[in-house]
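Given chain A, put chain B in place with the hints provided.
Number of protein chains: 2
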Amino acid sequence: MTARYAVGVDFGTESGRAVLVDVADGREVATAVYPYANGVIDERLPEPFDNVELEADWALQDPADYLRTFGAAVPEVLDEAGVDAGDVIGIGIDFTACTMLPTTADGTPLCHLDDLRGEPHAWVKLWKHHAAQPEADRINAVAAERGEPWLQRYGGKISSEWFFAKTLQILDEAPEIYERADRLIEAADWVVWQLTGVETRNNCTAGYKAMWSKRDGFPSPDFFAALDPRLENVVDDKLARSISQIGTRAGVLTERAAALTGLRRGTPVAVANVDAHVSAPASAVTAPGTMVVIMGTSNCHILLGDELAVVEGMCGVVEDGVVPGLYGYEAGQSGVGDIFAWFAERAVPPEYHELARTRGVDVHAVLEEEAAKLRPGESGLIALDWWNGNRSVLVDADLSGLVVGMTLATRAPEIYRALLEATAFGTRVIVDAFESAGVPVTSIVACGGLPQRNELLMQIYADVTGREFSVAASAQTPALGAALFAAVAAGPELGGYASVAEASQHMAHLSPRTFEPVDEHHAIYSELHREYVRLHDLFGRDPDGVMKRLRAIRRRAREGVGIA
Amino acid sequence: MTARYAVGVDFGTESGRAVLVDVADGREVATAVYPYANGVIDERLPEPFDNVELEADWALQDPADYLRTFGAAVPEVLDEAGVDAGDVIGIGIDFTACTMLPTTADGTPLCHLDDLRGEPHAWVKLWKHHAAQPEADRINAVAAERGEPWLQRYGGKISSEWFFAKTLQILDEAPEIYERADRLIEAADWVVWQLTGVETRNNCTAGYKAMWSKRDGFPSPDFFAALDPRLENVVDDKLARSISQIGTRAGVLTERAAALTGLRRGTPVAVANVDAHVSAPASAVTAPGTMVVIMGTSNCHILLGDELAVVEGMCGVVEDGVVPGLYGYEAGQSGVGDIFAWFAERAVPPEYHELARTRGVDVHAVLEEEAAKLRPGESGLIALDWWNGNRSVLVDADLSGLVVGMTLATRAPEIYRALLEATAFGTRVIVDAFESAGVPVTSIVACGGLPQRNELLMQIYADVTGREFSVAASAQTPALGAALFAAVAAGPELGGYASVAEASQHMAHLSPRTFEPVDEHHAIYSELHREYVRLHDLFGRDPDGVMKRLRAIRRRAREGVGIA
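Residue numbers (the numbering used here), protein chains in the order written: chain A, 58 to 621; chain B, 58 to 621.
Possibly wrong hints are sitting among the right ones.
The list treats identical chains as one, so a pair stands whether inside a single copy or across any two.
Stated by the list, open to error - Straight-line Cα separation of at most 20 Å, SDA-like style, residue types lysine to any residue; simulated pairs:
(1) K430 <-> V90
(2) K605 <-> E616
(3) K295 <-> L567
(4) K605 <-> L592
(5) K430 <-> E616
(6) K295 <-> R608
(7) K430 <-> G617
(8) K185 <-> G69
(9) K430 <-> R615
(10) K605 <-> E435
(11) K271 <-> E256
(12) K605 <-> R61
(13) K605 <-> V590
(14) K605 <-> D594
(15) K605 <-> G346
(16) K185 <-> A113
(17) K185 <-> R101
(18) K295 <-> E402
(19) K430 <-> R613
(20) K185 <-> Y93
(21) K605 <-> A580
(22) K605 <-> G446
No lab work stands behind these hints: they were computed from the structure.
Looking at chain A on its own, in the form it has when it is part of the complex (with noise of 0.2 Å):
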């Protein structure tokens, strides 16, 4: 029998990345990376709308750049592993999220429309757009005012990133725009239109971005009303009430995709995916117990599990979400890697860097090594992680970092494995939040940027939670989880699979180095992560702590009030 092959598409931030894999093992025949030619639009608009600037916070990417990575990185895959089109068996793709766009209604983005192409509002917002925060505030007060069961699902509070505070800025700010919207989507869904010439949307964004649920789907029209009169029939105008699952197909390749990919038309598309929640098949991981924690610049953590369960501070829980038939549950820390990246750039004096020069390294790998050196607790140091706030448990943007225990002799490698540090006691609040509610957490799963390079990290994490961790073997599991879904979607009669847990079955695999915690240092981090909870309470807990009024104090020194 001939090789069978997926392609898996991941929607990053500033590029698209295809992957050609071999659906019986998983490996990865080829990669290809598109840049996107717009990239991050946050300063001011593309040409001719240059002139356009665009306000603080915003964060907005072209679609054109989608379709581009289709036309540009997929047929390049099948060219560089010499993979006949008819070879694959399906194509699926995951994205960041909430990345959202208001279309017509037969899916043109409304930028690329002449005469809105100069509106900002027209343009896609990109996850981190976060000029929604004060729509944000709006939902969670009106959604906690009317007790709106949905709430705790989000751990009590819904992100300004999230669909409905854009949606809800659109409004506010360019009614026009709201108005000649016939659609809102997902990128994710977008992409897929464009493949398949069928608008579907996937469970997953629907239900970690969109408040919808299996049970009871989206908020009802009573709250949207109370959010503004406007919005009342938002669902049913300019989104569907059809959710489709994650796993299964999206519609296949109409000709018009099929000559921008240079796949075969008819070829299976797989529903729209995330790319936080494909990790984990990606990892291995299809069965309650084992947490998937995806690192890069933020963590991202997801855990499956049988039963519903209220756990505190968690961004989502969603009904089939991650993986059909179970409860997929999503928490976050939202600095770790550029936190790293910012000790590194901010706080590191030249010795270092002319280290790192020396040896030809980067200046992580001196400092890692500086660091590795030291025994845990011998720094004397702590810190609290919150240079970019806390996503979880806590919820809270306006919280900053810590660091605790400096004297003359502290040098720059143990800020800086205190940071590491850090981060690891973040984890484990998470872990313990998901244990106290029900929800187990035997051992874990590391992917992403960060953890094949760093094992200094992988230890800290391994030594503080008091779980094995392992890494998955692919270093760009979205990818991958794109084309594994990719595989369900064809199915069995294809030459895929019949279900998510059989593809990563047969398509994930972990590398062999695990990291075991050792016992005297997890007894030594257990005294830290005792403080660690202490000053994480007491700043973060207090509604009117100190990291607040250093906030409001900040604003009004920013904004000349009272000040000469």
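Structure of chain B alone, referenced to chain A:
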């Protein structure tokens, strides 16, 4: 009338400094510095005993370096100024304290005896010799248990740097050296002994470092016996009960001392004094109300009062200890300039160092320039300035540094400014402690190494404390102060002065530039100060707080207890 001159000799940590001063107006005519040949001895004894390694926290000096200072620097200033020794009406000295040594009955340092030169305990113990902490702990415990009345004059705790802690360490670790020592004496008094041939003991070091007071003398033999039976008669056996008042004459130069210094035999010599304390009259402060802050690696605060008050956490209060007729209060911050230096060396990224190199300035200058652009409160940061522990008002060496409020946008100059501010908040806590105890602080004069170089720092101190900050005109207030006391020791009959106040009036000056608090800055800093005080109390007043536990964990980690 021909000009009359006084010589002040300032014995610092790394060098001795002589200054020749015009008695009429305090003009510093010539200055010479002698860097100690043996510097600070903190790793091994000088040759030929460089095989003797010192333990951690030891810091010794060689008394020969003090004599070499007289022999090198005093002739040099006379020569440089072209002043005839006959026009020098007196010589005074100031010293670091407590810096003490064991000698024979004739004043020969034990470390100058051939058979004891290889014994570390035979050498001078420098003020920053910190190895006597166990002995200080024992003194504090026994004093507290016995309810020793003198304890509250020292904020409830004496330091490991002080006289009897060092004495007890000699007894504990080298009883044969203790036995051989006919005298235990402050180096300040020892150098005066070398000049005059007369053993005197000044009331400043006796009061601030050896628990002596004019009314009660030294602690009782019962107390010393409770520490160690062998110590019962330490005062009568090794010290003396007659204490000389600062501002008086210790004696006159011997023939030998005249030959050494190039001054005339019979030149009056002032009773020894301490660097920080002589800085008060040298900063034109001889009356209650104005605090003197000697700012350098650490801050020392000197304040005069009409009455004896118990001020929380002060270092000490000594009647007649700074200016005869008044109570002299001392408080301190154990880390100031050395925290800024730590930051500049350990936590500033290459770009600022490169900028400094390009401009041919110190990296501090670049940081200060950038920090000066910020408004108070704008960084959103606050710090606790305890990198080197807290001297006042908490009197706790085990406390450590804290910074809170970091975000991914935080830059080095913001942290730098937060550290400057933290030391200013620390000074305000001390000012408030004095005022709460009924000792008024209406204005402040700064002197020492930092104020003349750091305008931003001065402005921040003024803004934070809400008080006018002046800066002493002299860049070497200790040496000037020593000369000022020399002029008093000479007295009016020789062209000097009748009192410290009169001498100060003529010889001490302030810079024309003063720093006035800006109302708007003071308002916002008062808000931030409340946050500082909350953190100060939270982290500093809990005897089993986070910082203490981090220290305990660190200690165990370093000792490898419970660590693989």
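Checklist entry - Of the numbered hints stated previously, which ones are contradicted by the structure, given in increasing order? => result Failing hints, ascending: 1, 3, 6, 12, 15, 18.
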